[in-house]
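Novice: Chains A and B, in that order, give the protein sequences.
If you read the first sequence in the working numbering, its first letter stands for residue 13, the second for the next number, and so on.
If you read the second sequence in the working numbering, its first letter stands for residue 13, the second for the next number, and so on.
It should be emphasised that the hints constitute simulated quantities derived from the structure, not laboratory data.
We treat Cβ as the ideally placed atom computed from N, Cα and C, and that holds for glycine.
Worth double-checking, as some hints may not be accurate.
[Stated by the list, open to error] Facing chain A, according to a computed beta carbon distance under 7 Å, are these residues of chain B, among others:
#1 G27
#2 N31
#3 T53
#4 S57
#5 K251
#6 Y293
#7 H296
#8 G397
Number of protein chains: 2
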Amino acid sequence: MKTEIISIGDEILIGQTVNTNATWMGQELAKIGIKNNRTTTISDSYEEITESLKLAESRSNLILITGGLGPTKDDITKKVLCDYFDSKLVLNEEVLSDIQAYFKTRNKPFLEINNMQALLPEKATILRNLVGTASGMWFERNGKVFVSMPGVPYEMKYLMKEGVFPKIKEQFGISELVHRTVLTHGIGESFLADIIEDWENKLRENGLDMAYLPSPGLVKLRVTSTAGNKKLVDEFCDKLYQLIPQYIFGEGKITLQETVANLLIKNKKTLSLAESCTGGYASHLFTKISGSSRFYEGSIVCYSYDIKEKELNVPHDLLLQKGAVSKEIVEILSDEIRKKYRTDYSISISGIAGPSGGTPDKPVGSVWVSVRNEKTVVSKLFNFGNNRERNISQSALAAINLLRELIIKENE
Amino acid sequence: MKTEIISIGDEILIGQTVNTNATWMGQELAKIGIKNNRTTTISDSYEEITESLKLAESRSNLILITGGLGPTKDDITKKVLCDYFDSKLVLNEEVLSDIQAYFKTRNKPFLEINNMQALLPEKATILRNLVGTASGMWFERNGKVFVSMPGVPYEMKYLMKEGVFPKIKEQFGISELVHRTVLTHGIGESFLADIIEDWENKLRENGLDMAYLPSPGLVKLRVTSTAGNKKLVDEFCDKLYQLIPQYIFGEGKITLQETVANLLIKNKKTLSLAESCTGGYASHLFTKISGSSRFYEGSIVCYSYDIKEKELNVPHDLLLQKGAVSKEIVEILSDEIRKKYRTDYSISISGIAGPSGGTPDKPVGSVWVSVRNEKTVVSKLFNFGNNRERNISQSALAAINLLRELIIKENE
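Pulled out of the complex, with its shape left as it was, chain A reads as follows:
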C-alpha cells in the first residue's frame, strides 16, 4: 500500500506557514502502520492540482489532500476534483444545515457565500465537518482513495479522526495497532539505546516495533504491536520499569511538570520556587497548567545579588566567597523561599545561562539545583552546554525532575 499527502497553498511554499499538517498526518498514519511515502506541496492552481492528482493516482493507493477548500475565489480544489472525477456539484441539505448551525451557535452573521460550502461533488462520500464549514470529500476509483480536507489544522484533525481514519481502516483492512509510550527524562537517546539494547532486540524478535521520539529534555519510547498484541506490549513496557526506573516519569502525553503537579495535588502539598538563571521559566511551566493554584503558591525570581541578599537572606560574604552558582547558595535559597512562602516543597535554581559569565571551574551551562521539604534537601550540579535558551529550559526540567524524585521518595 502506497500513501501520499498533497498540501495545497502558497502560504506553505513561501514559508509563511509551516506544514505541520503533513507532520501530524505522517505521525498518525505511522501509528496505524501506514507509511507516508511522499508529501507534495503545491500552489492553489488548477493545473498544478490536476497534474499532482494524476501523478499521485499513477503511483499511490491512498492520497490525502489538504487545503484550498475555503469559500473564496482563490480556493479551487473542489472545482478541480469535480472535473477530475467527472462529477457535478449538488446541494447537500445536511451540510447546509450544519453550516447554518455553525454560524448560529457562534453568533456570526451568515453570508450568502457560505452556501457555496454546501454544494458538493455528487460522486464523493461527504465527511461532515462540525468544527468548520468545509466538508471532507472521499473519492474512490479503481480501488484508489482520494480524500480532500480543509487546511485549517483543527478542522483537518477533526475530519481525520472522525471520518477518515475509521474509513481507511475499513477500506484497507487495517487491524487495530496497540501502542504504549513510555516517557523518560535525564538521559540522552544514544545512552538510553545502549542500556536497553538487549531489551530492544528481544522486543523486535517478538514481532513488536519501537521508536525513540526525542524532544527537548525528553526521550519518548513508543512500543507498537501491529498484530494488536496488548499483552506482549504491556509485558515489554513493564520490563522497562525494572531496567530504567530512574528515568521514567510517565506514559502517554503527560508533561514532566504535570506529573509533579499531580503528585502535589494527590498528596495535598504546596510548592514555591526561587529562580535565578531560569528567570521565571520554571514557574511558568507550572502556572501554564490549568488549575495550578491548587498546589502552586508563588515564586521569587532572585536575579540580582541584591534580591538574593535582601529578600532571601543570603549572607553577602558567603555570596562573594562561594558565588551565586554553588551548592551553599541554592540550599539557602530553597530553604528561605519555602519558609517565607510557607509551602511544603520548594525548588531553587542558580546557574550560568550564558553565553558569557563562565569561569574555568564554573563554565557556561553550570547549574546548581536544590529541592526540599521540611525534612530533606537534595541538591545537584548539572551542565547543559553553552546555548542560553536550551540552558534555561533544561535547567527548569532538571529541577522539576529532581522534585519529582523527592516527592515520590517522601510519599512512598
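Given chain A's structure and the hints, the job is docking chain B onto it.
Specialist: Showing chain B alone in chain A's frame:
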C-alpha cells in the same frame, strides 16, 4: 523561472521531524523575489530520488535538494546524483583538509568513514561546508541548476547563505531586493489593513510590494522593492510612523522585550515585576535576553491571595471586595514591587487565564496590567479570549508594550 525544493528523509515523512528547512528556504527565496513553486518530500531511496530529479528537471530551472548526505550507508543522495549526471567521485583535497580541521577543532575522533565525505562528484561545483562534513554540490545542465545540501538545518542555512544565494543571484541575474520590516504590536492584521489601505494601494501603484507577516501578538509589515529602490521603500516606511505611530515598536528582527531592554539600558533604568496570571512568563521573556542583569532585578510571582497579601501588602478586605483582577489591586502590586525591589520601573499583571474562573463581569481572558515609575502609573484592562496559553503570552506582551510606551514618554 520555476523553482522547487526536494526534501529527502523518512523522518520528515513519518512526522518525526517538521520540515522547517523548506519553510526557511521558501521565506529566503521570497526575499530575493523567487517564488518556490513546489516542495516534495521523499524517502531516502535510489528510485524515489532519481524519479524526483527527472520530474523536477522537466518542469523547473532551479532545484534545491536537502538531506541524504551523511557518511552512513543510508544516505545515498550523492550516489544518485553521480549516476544522474554521469559523473564519477574524485577526492577533493580542500574538502578533506576542511573535514580533518572540523574534527580537530572539536576534539572529536576522526573516523575513516568521514574520508568518504571528501569524495565528491567530478562534475559538481563544490560549496565548502565549514560547519559540518557534507559539502554542497552545484550541478548545471542545459541552464538548469541542481543544488544538493545536507539536511541539518544550520549546515543547510550556512551553505545557502555563503554559497548558494550568491551563485543563484549571479546565475539568474537577480538584482538585489530592498526590504524594510516594520514591527507592530497591539492591533490585528485585518484592522491594520483597514487603517493603512490607502497607503498600501499607493505603495503598490509605485511598484513596491508588501506582506503582512502575523505571529503571536505581533504583525510584521515587510515592504519590498524588487527594483532595488531604497529611497522609495524608506519614504513609504517613514510614512507608517505618521499613520500608526502608536503600534510600531521597532524594525527588523528585534522582539518587543528587546526594545524595552534597550530602552532601559540606554536610560540606565531598572525593572521588577509582580506577576499573577502570567506566572513568571513575562519575567522569562526578559531574562531570556542575554545580558538582562543590566536592567532586570527580580520578580515576585504572587499567584495566591496569601502571597499578594503578605509579600506585597495588598489589604485583605480590598482583595475580597475588588477581586484580584482589578485596577486597584494591580496598582498596589506595581507600587509595592517597585518599592520593595528598589527599581525605577515596575510591571504588574493580574487576570483570569482560564479555562475556568470567569464571571459575567470578568469573563475568562480579562487581564489588568499596571506599569509605573516613581511619578507615573498607567493601568489598562485587556481581554484575550479563552485559550489559557494564548492569554498568558498575550498578557505578558501587552504589559511589556505598555511599559515601552511609558518609558518613551518619560524619557522624551
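Novice: Check the structure against each numbered hint from earlier and tell me which ones fail, lowest number first.
Specialist: 4, 5, 8
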